[in-house]
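Peer 1: Chains as they are written, first to last, in this note's numbering: chain A, 1 to 214; chain B, 1 to 178; chain C, 1 to 160; chain D, 1 to 377.
The set of hints was computed from the structure by calculation and includes no laboratory data. Remember, it's a predicted structure, so these values are computed and weren't measured experimentally. Treat the hints with caution; some may be incorrect.
[As the list claims (entries may be wrong)] Which bits of chain B does chain D cover? Going by a derived footprint, with three or more residues having C-beta under 8 angstroms, they are:
{"id": "1", "stretch": "38 to 50"}
{"id": "2", "stretch": "93 to 102"}
{"id": "3", "stretch": "148 to 158"}
[What the hints assert, rightly or not] Distance condition first, Cα-Cα at most 20 angstroms in a straight line; then the derived EDC-like pairs of lysine to aspartate or glutamate:
{"id": "4", "chain 1": "D", "residue 1": "K354", "chain 2": "D", "residue 2": "E155"}
{"id": "5", "chain 1": "D", "residue 1": "K298", "chain 2": "C", "residue 2": "D125"}
{"id": "6", "chain 1": "B", "residue 1": "K99", "chain 2": "B", "residue 2": "D65"}
{"id": "7", "chain 1": "A", "residue 1": "K83", "chain 2": "D", "residue 2": "D328"}
{"id": "8", "chain 1": "B", "residue 1": "K167", "chain 2": "C", "residue 2": "D139"}
{"id": "9", "chain 1": "D", "residue 1": "K331", "chain 2": "A", "residue 2": "E213"}
{"id": "10", "chain 1": "C", "residue 1": "K34", "chain 2": "D", "residue 2": "E147"}
{"id": "11", "chain 1": "B", "residue 1": "K170", "chain 2": "B", "residue 2": "D31"}
{"id": "12", "chain 1": "B", "residue 1": "K167", "chain 2": "B", "residue 2": "D31"}
{"id": "13", "chain 1": "D", "residue 1": "K330", "chain 2": "A", "residue 2": "D204"}
{"id": "14", "chain 1": "D", "residue 1": "K219", "chain 2": "A", "residue 2": "D114"}
[What the hints assert, rightly or not] Here are the computed distance ranges between Cβ atoms for each label pair:
{"id": "15", "chain 1": "A", "residue 1": "K83", "chain 2": "D", "residue 2": "F295", "range": "35 to 43 angstroms"}
{"id": "16", "chain 1": "C", "residue 1": "V92", "chain 2": "B", "residue 2": "K167", "range": "51 to 59 angstroms"}
{"id": "17", "chain 1": "A", "residue 1": "S86", "chain 2": "D", "residue 2": "N178", "range": "39 to 47 angstroms"}
{"id": "18", "chain 1": "C", "residue 1": "R44", "chain 2": "B", "residue 2": "Q104", "range": "31 to 39 angstroms"}
{"id": "19", "chain 1": "D", "residue 1": "D174", "chain 2": "B", "residue 2": "G70", "range": "37 to 45 angstroms"}
{"id": "20", "chain 1": "C", "residue 1": "E63", "chain 2": "D", "residue 2": "G301", "range": "31 to 39 angstroms"}
{"id": "21", "chain 1": "A", "residue 1": "E67", "chain 2": "D", "residue 2": "Y19", "range": "43 to 51 angstroms"}
{"id": "22", "chain 1": "D", "residue 1": "G293", "chain 2": "C", "residue 2": "M49", "range": "50 to 58 angstroms"}
{"id": "23", "chain 1": "A", "residue 1": "P125", "chain 2": "D", "residue 2": "N96", "range": "26 to 34 angstroms"}
{"id": "24", "chain 1": "C", "residue 1": "F4", "chain 2": "D", "residue 2": "Y19", "range": "31 to 39 angstroms"}
{"id": "25", "chain 1": "A", "residue 1": "N151", "chain 2": "D", "residue 2": "K300", "range": "33 to 41 angstroms"}
{"id": "26", "chain 1": "A", "residue 1": "K203", "chain 2": "D", "residue 2": "G301", "range": "23 to 31 angstroms"}
{"id": "27", "chain 1": "A", "residue 1": "E153", "chain 2": "D", "residue 2": "E64", "range": "19 to 27 angstroms"}
Built from N, CA and C at the ideal position, the CB exists for glycine as well.
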Amino acid sequence: MKRGREIVGIVGKRKPDSVCKTSQRFDRMVNKKNKVKGNKDIGLSVTSRNKEVNLAQSETNQAMTNEQLIEQLTSANPDAVVKQGSQYPEITVAHDKLHAFMQNIKSDSSLAFDYLVCETGVDYPEFIQVVYHLESTSHRHFMVVKANTENRETATLDTVSDIWPTAEFHECEIYDLLGIRFNNHPNLRRYFLDDTWGHPLRKDFHDDIHVVER
Amino acid sequence: MGITSKKEFEKNDFPVLDSYEGGSIILTQLDALVNWARSNSVWPLTFGTRCCAIEFMAVGASRHDMARFGYEVARATPRQADMIIISGSINYKMAPVLKRLYDQIADPKYVIAMGACAVSGGPFYYNSYSIVKGADHVIPVDIYVPGCPPRPEALLYAFLQLQKKIKREKNFKKQLKK
Amino acid sequence: MKSFFNYIAEIFSGVWTLLTGMKVTAKYFFTPWKNVTQQYPENRDTLVMYDRFRGEVIMPHNENNEHKCTGCGLCENACPNGSIEIISKSIVNEEGKKKRIIDQHIYHLGMCTFCNLCVRACPSDAIVMGQKFEHAHWDRSTFTKVLNQPGSKIMEGIKE
Amino acid sequence: MAEFSEKYIITDEIKADEYLVNIGPQHPSTHGVLRLLTRLEGEIVHNVEPHIGYIHSGIEKMTEALSYPQIVHLTDRMDYLSAHMNNEAVCLCVENALQVEVPERVKYIRTIFDELQRLASHQLWWCASGMDLGALTAFFYGLRDREDILDIFEETCGARLTLNYSVPGGVMFDIHPNFQKSVKAFITKFRKKLPEYDKLLTDNIIFQNRTKGVGVLSKEDAIAFGVTGPTGRASGFSCDVRKHHPYSAYPYIKFDEKLGTDGDSFMRWKVRMDEMWESMNIIEQLIDNIPEGDFAVKMKGVIKLPEGEFYQRVESARGEFGVYIVSDGKKNPYRVKFRSPGFSNLFTINHIAKGWKIADLVAIMATFDLVIPDIDR
Numbered sequence: 001m002k003r004g005r006e007i008v009g010i011v012g013k014r015k016p017d018s019v020c021k022t023s024q025r026f027d028r029m030v031n032k033k034n035k036v037k038g039n040k041d042i043g044l045s046v047t048s049r050n051k052e053v054n055l056a057q058s059e060t061n062q063a064m065t066n067e068q069l070i071e072q073l074t075s076a077n078p079d080a081v082v083k084q085g086s087q088y089p090e091i092t093v094a095h096d097k098l099h100a101f102m103q104n105i106k107s108d109s110s111l112a113f114d115y116l117v118c119e120t121g122v123d124y125p126e127f128i129q130v131v132y133h134l135e136s137t138s139h140r141h142f143m144v145v146k147a148n149t150e151n152r153e154t155a156t157l158d159t160v161s162d163i164w165p166t167a168e169f170h171e172c173e174i175y176d177l178l179g180i181r182f183n184n185h186p187n188l189r190r191y192f193l194d195d196t197w198g199h200p201l202r203k204d205f206h207d208d209i210h211v212v213e214r
Numbered sequence: 001m002g003i004t005s006k007k008e009f010e011k012n013d014f015p016v017l018d019s020y021e022g023g024s025i026i027l028t029q030l031d032a033l034v035n036w037a038r039s040n041s042v043w044p045l046t047f048g049t050r051c052c053a054i055e056f057m058a059v060g061a062s063r064h065d066m067a068r069f070g071y072e073v074a075r076a077t078p079r080q081a082d083m084i085i086i087s088g089s090i091n092y093k094m095a096p097v098l099k100r101l102y103d104q105i106a107d108p109k110y111v112i113a114m115g116a117c118a119v120s121g122g123p124f125y126y127n128s129y130s131i132v133k134g135a136d137h138v139i140p141v142d143i144y145v146p147g148c149p150p151r152p153e154a155l156l157y158a159f160l161q162l163q164k165k166i167k168r169e170k171n172f173k174k175q176l177k178k
Numbered sequence: 001m002k003s004f005f006n007y008i009a010e011i012f013s014g015v016w017t018l019l020t021g022m023k024v025t026a027k028y029f030f031t032p033w034k035n036v037t038q039q040y041p042e043n044r045d046t047l048v049m050y051d052r053f054r055g056e057v058i059m060p061h062n063e064n065n066e067h068k069c070t071g072c073g074l075c076e077n078a079c080p081n082g083s084i085e086i087i088s089k090s091i092v093n094e095e096g097k098k099k100r101i102i103d104q105h106i107y108h109l110g111m112c113t114f115c116n117l118c119v120r121a122c123p124s125d126a127i128v129m130g131q132k133f134e135h136a137h138w139d140r141s142t143f144t145k146v147l148n149q150p151g152s153k154i155m156e157g158i159k160e
Numbered sequence: 001m002a003e004f005s006e007k008y009i010i011t012d013e014i015k016a017d018e019y020l021v022n023i024g025p026q027h028p029s030t031h032g033v034l035r036l037l038t039r040l041e042g043e044i045v046h047n048v049e050p051h052i053g054y055i056h057s058g059i060e061k062m063t064e065a066l067s068y069p070q071i072v073h074l075t076d077r078m079d080y081l082s083a084h085m086n087n088e089a090v091c092l093c094v095e096n097a098l099q100v101e102v103p104e105r106v107k108y109i110r111t112i113f114d115e116l117q118r119l120a121s122h123q124l125w126w127c128a129s130g131m132d133l134g135a136l137t138a139f140f141y142g143l144r145d146r147e148d149i150l151d152i153f154e155e156t157c158g159a160r161l162t163l164n165y166s167v168p169g170g171v172m173f174d175i176h177p178n179f180q181k182s183v184k185a186f187i188t189k190f191r192k193k194l195p196e197y198d199k200l201l202t203d204n205i206i207f208q209n210r211t212k213g214v215g216v217l218s219k220e221d222a223i224a225f226g227v228t229g230p231t232g233r234a235s236g237f238s239c240d241v242r243k244h245h246p247y248s249a250y251p252y253i254k255f256d257e258k259l260g261t262d263g264d265s266f267m268r269w270k271v272r273m274d275e276m277w278e279s280m281n282i283i284e285q286l287i288d289n290i291p292e293g294d295f296a297v298k299m300k301g302v303i304k305l306p307e308g309e310f311y312q313r314v315e316s317a318r319g320e321f322g323v324y325i326v327s328d329g330k331k332n333p334y335r336v337k338f339r340s341p342g343f344s345n346l347f348t349i350n351h352i353a354k355g356w357k358i359a360d361l362v363a364i365m366a367t368f369d370l371v372i373p374d375i376d377r
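The whole structure should be built from the sequences, with the hints applied where relevant.
Peer 2: Next up, the structure:
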């Protein structure tokens, strides 16, 4: 009994102000002032920003164009490969420098890529490529970072789950479907399939039992 | 119900597999009574996997009220249910779960395979490595409803078919034979 | 003391808001003429689907038992999941030329996802989407249909 | 598999007072076949480990053997509640890659359908999560009004859920002659229904006490975990793709991005309710101004994308939906990745449900608005 109470006290407590708010609400209701009109509710704070403010803000925050972005990144990492003429700024990093590079672009305040949009893998004949789509929520940059594994058989790469927590789950998915092992990953497990399965998104995946080819 | 006089409904009739030999008038009437009661109180299991589950919910809601057939009590536990509506695809990880759910339902139990995925694998028949090509590879299916997803009326039509199937069962014959 | 009053106030406000919600349900309870429920099996005679509703793929035949399908196989290619299979045969026509015509246009209703891609792909409008949706059956094999009727021919003037 | 297997679940040792409860795969509150392995002490949740894959269908592998119009049809089956947004994402990606400019009419039609689909999705979320939290009336009322939107869909697209309305280069049919009339009729009707929804649930003190302050997700965590959509916006994370990377007809219209402050379950609820109002505003701006013109541009019979990589983001009903196509110049893509919003959203659940009661876990799950095939693909 005692232990249960303790735990409730620590974690299960609701905000005390909810009680006050409801009592205020009740007073108003008794006075028949509370009439719900559309979405204008009382005591709730959903703010909305209109488009003009948003555009102005993003313009002031837009620290650099795509060319400047590429320039800054290549000056800091001279051996990184930049692809020309692609949809977004695209940079390929060596697999052993990936973690330091990622740490840098997140912590650097002029870059501040704090939102990992998408992480995925692509199987090529010689290597497996991991593609990171990154966005900065303050500057609204968008960038693609790529890293290739050394080979296909023992495909390993450093994890970035300590930089962006969401990468932990995307990396599990990549491990499941493409078979890339991520070093230092906290909990690398297969999400979709069992251990008995191969890695289906690899191009040499072949399954006579489950797949009906067309 | 006016439906029984319709030609199309009569067309796809169930085969009478077993018939009484002479002299079972009382048992036949009893059967009819029991089956009438059973066919109007089939409780489905809340089991939804893919888009068909949304149409199953729509069947349960106001526009297409399945309470009119006595099917409205969707149970969350298989022990209280009579029927599974497999609404969506079943993959190899889910198949043992479906089998277990089916085993937990008390007899008599019925299965409706709703939608193309449950009938034959549907859009995932070719080149998909993890979808079972039809739910009847896992458990026996009584009624198949094609559609992707079938509209609610199509599922109601399947309920009518299932009612017809239940009404043709011979409960007491089996008991007597033992 | 204040917390005690808050407690009482919360109970009353809870009951009050519950009654507000029940007013809404009561409004619908006492207006049964605003009935939304469709009496499905009883209204089968009057139930009409929308024109574009996709219930099944059908091949319209005219009164002479003629269809428009040339057996080109475009619908078979367009189908994402192989619901359509076309079996064609070659015949020799009057001029002595070899010609491939359709033997069987097989349609797997149980696999079809009603995406309309086959109808879009068809160059001669031979197949259209039908309105029938009551397909539920106890036997899966009845879903495999042959769309061209037995003994049917291709309509005159349809380009290959 | 379904068997209890230690190697899958136990990441660190279970303490003496703890026990494991398996929620799912078949459970009404998980909105599909999600399995949550919860470690409890009494009623207090110590750890939640989501186990997915019970509806995994390998869509990404299947797309490697399909042509682009066929991929569009397959995306309906992922997030079936925002089917049109998924279709549109693939279509936009293909059009961007081919540098095809679609007519203005197509942009307007697509945007109206986006918002109608968002309304339908949020309505279904409202009724399903109301049912999770013990309000069965919400289920009937939400689905009753949703049927009106489905009728509009059926009139124009011919299907209720899996529309397959967008095709590369435009839309499949022109809008039905009755379309504008029925959309306007629906909006006037629905504007009266939404206050009723508020009266039924949102204003109810019992409901508010169950959701207020429960499962708080801070803005920093929302960004770090990549939580998008109304769930992320409730935490104050401005992540609306319609605003920041406008596509289709969104650049032409004025609308607000609803941002919450608290990031609790109630705020997530509130943001979605407000988005419904905003969606109706967007539709009203567009519905009278649909320009005349073609409903599709003529595309080649076999669509081949140029070699390269293309990424397209759209705002689906539950967050940012992305399509990443790697093409090698053939008619089939080399690799397709769908960035599903639910995948990132779901795995936050361990972070925010820790320490709450198991009944609060249901409230958190309900306000996250998960669609499991969207997560599993």
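Peer 1: Does K34(C) pair with E147(D) here, judged by a C-alpha cut-off of 20 angstroms?
Peer 2: At roughly 15 angstroms apart (the allowed maximum being 20 angstroms), E147(D) and K34(C) satisfy the hint.
Peer 1: Are the Cα atoms of K219(D) and D114(A) separated by 20 angstroms or less?
Peer 2: holds (12 angstroms)
Peer 1: Has the given pair, K298(D) with D125(C), been kept, meaning a C-alpha gap of at most 20 angstroms?
Peer 2: With Cα atoms ~18 angstroms apart, K298(D) and D125(C) stay inside 20 angstroms; holds.
Peer 1: Check whether the Cα positions of K331(D) and E213(A) lie no farther apart than 20 angstroms.
Peer 2: Holds, at about 18 angstroms.
Peer 1: Is the hinted range of 50 to 58 angstroms satisfied by the C-beta distance from G293(D) to M49(C)?
Peer 2: Hint violated: Cβ distance 29 angstroms, outside 50 to 58 angstroms.
Peer 1: With a C-beta cutoff of 8 angstroms, work out whether three or more residues of the stretch 148 to 158 of chain B approach chain D closely enough for the coverage to hold.
Peer 2: That given contact holds, which follows from 3 residues of the stretch 148 to 158 of chain B lying within Cβ reach (below 8 angstroms) of chain D.
Peer 1: Assess, step by step, whether the Cα of K330(D) is no farther than 20 angstroms from the Cα of D204(A), and give holds or violated.
Peer 2: holds (19 angstroms)
Peer 1: K99(B) and D65(B): Cα distance at most 20 angstroms?
Peer 2: Violated, at about 29 angstroms.
Peer 1: Does the beta carbon distance between E67(A) and Y19(D) stay inside 43 to 51 angstroms, or does it fall outside?
Peer 2: violated (58 angstroms)
Peer 1: In this structure, is the beta-carbon distance linking V92(C) and K167(B) contained in 51 to 59 angstroms?
Peer 2: holds (55 angstroms)
Peer 1: Is it true that E63(C) and G301(D) lie within 31 to 39 angstroms of each other by Cβ?
Peer 2: holds (33 angstroms)
Peer 1: A range of 35 to 43 angstroms was offered for this pair. Does it hold for the Cβ distance of K83(A) and F295(D)?
Peer 2: About 36 angstroms separates the Cβ atoms of K83(A) and F295(D), which means 35 to 43 angstroms holds.
Going through the hint list in order, the structure does not satisfy hints 4, 6, 21, 22.
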